[in-house]
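Residue numbers (full-length UniProt numbering), protein chains in the order written: chain X, 1 to 252; chain G, 1 to 252.
Derived by calculation from the structure, the hints in this document are not laboratory data.
Which copy is meant is left open, because identical chains are indistinguishable; a pair holds if it fits in one copy or across any two.
SDA-like cross-link-like pairs, simulated, lysine to any residue; straight-line CA separation at most 20 Å:
(1) Lys225 / Gly236
(2) Lys212 / Pro239
(3) Lys221 / Glu171
(4) Lys221 / Pro239
On a predicted model such as this, the values are computed, not experimentally measured, just so you know.
There are 2 protein chains.
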Amino acid sequence: MTYCLAISVNKGLVFASDSRTNAGVDYVTTYSKMHTFVWPGERICILLTAGNLATSQAVMNNIRTDLEKPDSKISLRKGKHLHEVAHYVGHLSQVEQRQHADALEKSGSGGAEASFILGGQIAGQSPEIYLIYPQGNYISASPETPYLQIGENKYGKPILDRIITPATSLEDAARCALVSLESTIRSNISVGPPLELAIHTSDVFKTPYHQKLTLNSPMYKSMQKQWNEGMHRALGRLPRFEWELKQAMADE
Amino acid sequence: MTYCLAISVNKGLVFASDSRTNAGVDYVTTYSKMHTFVWPGERICILLTAGNLATSQAVMNNIRTDLEKPDSKISLRKGKHLHEVAHYVGHLSQVEQRQHADALEKSGSGGAEASFILGGQIAGQSPEIYLIYPQGNYISASPETPYLQIGENKYGKPILDRIITPATSLEDAARCALVSLESTIRSNISVGPPLELAIHTSDVFKTPYHQKLTLNSPMYKSMQKQWNEGMHRALGRLPRFEWELKQAMADE
Numbered sequence: 001m002t003y004c005l006a007i008s009v010n011k012g013l014v015f016a017s018d019s020r021t022n023a024g025v026d027y028v029t030t031y032s033k034m035h036t037f038v039w040p041g042e043r044i045c046i047l048l049t050a051g052n053l054a055t056s057q058a059v060m061n062n063i064r065t066d067l068e069k070p071d072s073k074i075s076l077r078k079g080k081h082l083h084e085v086a087h088y089v090g091h092l093s094q095v096e097q098r099q100h101a102d103a104l105e106k107s108g109s110g111g112a113e114a115s116f117i118l119g120g121q122i123a124g125q126s127p128e129i130y131l132i133y134p135q136g137n138y139i140s141a142s143p144e145t146p147y148l149q150i151g152e153n154k155y156g157k158p159i160l161d162r163i164i165t166p167a168t169s170l171e172d173a174a175r176c177a178l179v180s181l182e183s184t185i186r187s188n189i190s191v192g193p194p195l196e197l198a199i200h201t202s203d204v205f206k207t208p209y210h211q212k213l214t215l216n217s218p219m220y221k222s223m224q225k226q227w228n229e230g231m232h233r234a235l236g237r238l239p240r241f242e243w244e245l246k247q248a249m250a251d252e
Numbered sequence: 001m002t003y004c005l006a007i008s009v010n011k012g013l014v015f016a017s018d019s020r021t022n023a024g025v026d027y028v029t030t031y032s033k034m035h036t037f038v039w040p041g042e043r044i045c046i047l048l049t050a051g052n053l054a055t056s057q058a059v060m061n062n063i064r065t066d067l068e069k070p071d072s073k074i075s076l077r078k079g080k081h082l083h084e085v086a087h088y089v090g091h092l093s094q095v096e097q098r099q100h101a102d103a104l105e106k107s108g109s110g111g112a113e114a115s116f117i118l119g120g121q122i123a124g125q126s127p128e129i130y131l132i133y134p135q136g137n138y139i140s141a142s143p144e145t146p147y148l149q150i151g152e153n154k155y156g157k158p159i160l161d162r163i164i165t166p167a168t169s170l171e172d173a174a175r176c177a178l179v180s181l182e183s184t185i186r187s188n189i190s191v192g193p194p195l196e197l198a199i200h201t202s203d204v205f206k207t208p209y210h211q212k213l214t215l216n217s218p219m220y221k222s223m224q225k226q227w228n229e230g231m232h233r234a235l236g237r238l239p240r241f242e243w244e245l246k247q248a249m250a251d252e
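Could you put the whole structure together from the sequences, leaning on the hints where they help?
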């Protein structure tokens, strides 16, 4: 499995991903799932991938090949709107899955399905994020649901639901994304480090801020420690039961 | 769906459950999933149920019938150890599921599967909790894994993984269980109020503390408010990015 997420706030976009892939429990490997494409001054596209690694790698290869071909009808760079790019990625994914679906089904080795998050900005347009389903269709985020997730999405959802609104700062959204990932890593072994984080500030058409965090990175360790302390502190402030209050009064 | 959990700490046991059941999205109802049996001075059994409502109701009915029959070979009261009681509940569940499995499969209306958490204490023995799988087999908690969950278990797992150890107080474990449930309710509509909470103090063989919390209960509202504030406070203490530190220095 995998866990990737993207957050859309007023000031820009945040992307975060883990790096664990596994084929069963006895073949666990590390792959980056964050792919950044920048045309300075023109457009930025970031893709996050989850699901069958062969499918997502093939889609990424085809995306790169289409970018090199001057006569390709559509590519990450040629789509006029980001939803056209989402449609294109969904199509590549479907084509790739169809090629191998029969063989995979016969061998019983799991499906060819893959999901993608596509985010970025085209000059003159707003930043956007899209979730592209294995079936090739796609949805965008909204002010009411300002984040999208792929892979093991349940563990890290409550913190997003509590914190993220369009008014959240890019930095707080990034910290929240890291906590969401760290919570998932702690509770599910199919999601693992290093973590990757990217921050795109609206209307800044250069390479987005990017950071890779291993378990030994000072920022990761400090985040983990502070968050654990914060959880214990928050728990300590929750309402007391009647008998605790009585006990506290008796102790005074 | 449903979400129920039990926590075993040195001082005793905590049980918590939601009350939502649904058959599809257009038939949502409210049922208690916590069933408490007390024989003062002798033994305490608490059962939490998840899965097919017909199966779990039938199992509870059979449990009550067996308690009334003086000649029943095994019952909640007759099992010499709690693992015998777990085995008995698993057996009742399997018998019930087998009766309806074919018809349910033919109608395509979902499975007959149900899961249970059984916890309690028999005088002279230690308090214990068991998770009984739909297949009738069962596992107990351990000092390394001091909690068990059934139903929608992912959303509420990170907070348990961060907080709960055998040394956690009963009251803190209860607050943590409520947060785990509240986080799940917020993120998944198949889990809903009222919440039920029970606390069994080790070696106290009388009716355990029980509380039912609706969305309007002052304790629930206060917990929700305090926890949200605690999350924001914890996020505010996480490490800053380089440019935030520079900005802060420039502002001074």
